[in-house]
Amino acid sequence: MDEKRETLIRLAAERLLFDLSEEECRILSKEAAELEDSMEEAAKIEGLDDYEPMFFPFECESAALREDEPVAPLSLEEALSNAGETVEGMIRVPKVVER
Amino acid sequence: MNYLDLSIKEIHAALVERKVTPLDLAKEAIRRAKDSGDNCFEIILEEQALAFASSLIEPEQDNLLWGIPYVAKDNLSTKGIPTTASSEVLSGYVPLFNATVIARLKEKKAVLIGKTTLDELAMGGMGMSGHLGKTFNPYDPTHERIIGGSSCGSATAVASGIVPFALGSDTGDSTRKPAAYGGILGVKPTWGRISRYGLIPFAPSLDAIGYFTRYSIDAAILLDALAGKDAQDASSSDAPFGHYADSCLTPLAAPRILLLDDIIEAVRDETIRQKLKEAEEALKKQGAILTHARFGEDLLAAIRPTYIILSGAEVCSLDANLDGIKFGLHGKGQTYESAMKDARTRGISSLTKRRFVLGSYSLLGEKRDALYLRALKLRRKLVTRTLELLSGQDAILTPSALTIAPKFDAAHADLSEKDKAADNHLTLANFAGLPSITLPLGYSNGMPFGVDFMGHAFEEEKLFAIAHSFEKIVGICGEYAGFRKEKHGI
Numbered sequence: 028m029d030e031k032r033e034t035l036i037r038l039a040a041e042r043l044l045f046d047l048s049e050e051e052c053r054i055l056s057k058e059a060a061e062l063e064d065s066m067e068e069a070a071k072i073e074g075l076d077d078y079e080p081m082f083f084p085f086e087c088e089s090a091a092l093r094e095d096e097p098v099a100p101l102s103l104e105e106a107l108s109n110a111g112e113t114v115e116g117m118i119r120v121p122k123v124v125e126r
Numbered sequence: 029m030n031y032l033d034l035s036i037k038e039i040h041a042a043l044v045e046r047k048v049t050p051l052d053l054a055k056e057a058i059r060r061a062k063d064s065g066d067n068c069f070e071i072i073l074e075e076q077a078l079a080f081a082s083s084l085i086e087p088e089q090d091n092l093l094w095g096i097p098y099v100a101k102d103n104l105s106t107k108g109i110p111t112t113a114s115s116e117v118l119s120g121y122v123p124l125f126n127a128t129v130i131a132r133l134k135e136k137k138a139v140l141i142g143k144t145t146l147d148e149l150a151m152g153g154m155g156m157s158g159h160l161g162k163t164f165n166p167y168d169p170t171h172e173r174i175i176g177g178s179s180c181g182s183a184t185a186v187a188s189g190i191v192p193f194a195l196g197s198d199t200g201d202s203t204r205k206p207a208a209y210g211g212i213l214g215v216k217p218t219w220g221r222i223s224r225y226g227l228i229p230f231a232p233s234l235d236a237i238g239y240f241t242r243y244s245i246d247a248a249i250l251l252d253a254l255a256g257k258d259a260q261d262a263s264s265s266d267a268p269f270g271h272y273a274d275s276c277l278t279p280l281a282a283p284r285i286l287l288l289d290d291i292i293e294a295v296r297d298e299t300i301r302q303k304l305k306e307a308e309e310a311l312k313k314q315g316a317i318l319t320h321a322r323f324g325e326d327l328l329a330a331i332r333p334t335y336i337i338l339s340g341a342e343v344c345s346l347d348a349n350l351d352g353i354k355f356g357l358h359g360k361g362q363t364y365e366s367a368m369k370d371a372r373t374r375g376i377s378s379l380t381k382r383r384f385v386l387g388s389y390s391l392l393g394e395k396r397d398a399l400y401l402r403a404l405k406l407r408r409k410l411v412t413r414t415l416e417l418l419s420g421q422d423a424i425l426t427p428s429a430l431t432i433a434p435k436f437d438a439a440h441a442d443l444s445e446k447d448k449a450a451d452n453h454l455t456l457a458n459f460a461g462l463p464s465i466t467l468p469l470g471y472s473n474g475m476p477f478g479v480d481f482m483g484h485a486f487e488e489e490k491l492f493a494i495a496h497s498f499e500k501i502v503g504i505c506g507e508y509a510g511f512r513k514e515k516h517g518i
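Same order as they appear, the protein sequences are chains A and B.
Residue 28 is where the first sequence starts when you use the numbering used here, and the numbers rise one by one after that.
Residue 29 is where the second sequence starts when you use the numbering used here, and the numbers rise one by one after that.
Extracted from the complex, chain A is given alone in its bound form (with noise of 0.2 Å):
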């Protein structure tokens, strides 16, 4: 396996908070390894390098902005609804600061 790409492999894990197990890295290492592959072959369309990113399909042509109508907020109870864990009408997380 390419030390390099598995490094950058649980690199962009852990960026995403994932855990990878040996076996995934060794798939992921294979995979990358051919994409990188196909995206050299497709770098050898002719003139690829003249064409703009192209991050939409099309422009959202929405000009016009909507009117403001008042709608009832979510009451605490529903906010709190999907929670793992709540206390005194919170959501508990692990703390984030150290004593």
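FYI, nobody ran anything at the bench for these hints, they're computed from the structure.
Be a bit skeptical, because a hint or two may be false.
Stated by the list, open to error - Lysine to any residue pairs mimicking SDA-like chemistry, simulated, CA-CA at most 25 Å apart:
no., chain 1, residue 1, chain 2, residue 2
1, A, K57, A, Y78
2, A, K31, B, K354
3, B, K500, B, L287
4, A, K122, B, K354
5, B, K360, A, P100
6, A, K57, B, E342
7, A, K71, B, A398
8, B, K134, A, K122
9, B, K313, B, G361
10, A, K57, B, A231
11, B, K360, A, V98
12, B, K107, A, T113
13, B, K305, B, E172
14, B, K134, A, E105
15, B, K435, B, E172
16, A, K71, B, R413
17, B, K47, B, I85
18, B, K257, A, E96
19, B, K37, B, R60
20, B, K136, B, A41
21, B, K354, A, E104
22, A, K122, B, G361
23, B, K354, A, V98
24, B, K134, B, F80
25, B, K360, A, D76
26, B, K303, B, D289
27, B, K162, A, E51
28, B, K137, B, A259
29, B, K134, A, E96
Following the hints, complete the assembly by docking chain B onto the known chain A.
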């Protein structure tokens, strides 16, 4: 024959004439759903559906969807009903609002009878990565063949006659490929034509809400109900939309249709090739003006890697909210990051995780130019080529897939898949935001296959008109697994 086997328009006529009630239809759909052994449901909403159907007493003559049962892919938010996108990471999540498409169908008084399985978070094409396991092709009682994904459950529900229509979503070909493998219609409208508010996103620059039906007229009826601007979705278009159900009945005079030879030549199944030839001849006889062209094999080969990179890059930033804290699977850990890592690692399957990681890898500083930036340029190049070919034409015709539905053990979960260059062409409609519709074309060894028409942005009227004429040529529309017209002498 049961009323549920008819087109929406025919069922509506029976409802208006009080030959059948919404409750009768809902009961029959739920019975069929429960009898299905194809693993296409996340949840069957028996109690809610029967209660709602019972409340529908006075038929609404001008509302074709009144009392019609349907199902929705489980990546569409449903208020008060669990929505998992077939991922453990969303287990226990109950949305507090309805997706706009669900709300619009509720206004129309269509009856939601269940939520359907999908490839986890809609990230797959084989219908086997969801947390409930494989969803099966109803045409194969041995359960060896895929229906395809990611909208596997919705496709199977329509292809097995449970409901006349089903909602799905389409990022790469996730309604059209399963439609082809299931012998039904799959519609991906123009990007922005249908509001995506409430869709659990995969790749927003590619995502569209799509749907399945058994008749082209039903597909047009659905777009009449679902199209239009939505203040909740800034990307939804305010481009005018037509009365599709009326306009599709008028055939286009001499439609101009382009056939892509490099995709047709890649078809491996002789019966599919033969049926394509027959369809071409029949279209000519009907006055269609047909042209042949090649897309370019080097460009076709670039579709798959471009898609993997762009969709992966988009999903890895979007799904950062799957943190195991605010909703879904509850993560455990001493720190916020470790709790999040716990939920994401436990809650997301290995295959899906790999797609995320490849997206993240493509965005790393040392890979960004060679992968992500190049993929963005390739997207432009592929779209430019597509629009060049479409120019002066009403539609581009291709086989929807090169084969009948493959067996699970032959459908590799290899994300590189270099050998299937010509089998990813339906994704061009996602890159370009174009509407695309797959229709049934025939059967090979008892398994269905389909054909696809891709048209100009916001010109769904033309596609539906072409589809309506085409399904008359083919003569098998309305069929589903276990219900073949020739067996019923139709």
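Notebook entry, point to check: Taking each numbered hint in turn, which are not upheld by the structure, reported in ascending numerical order?
Noted result: 1, 2, 5, 8, 9, 11, 13 and 25
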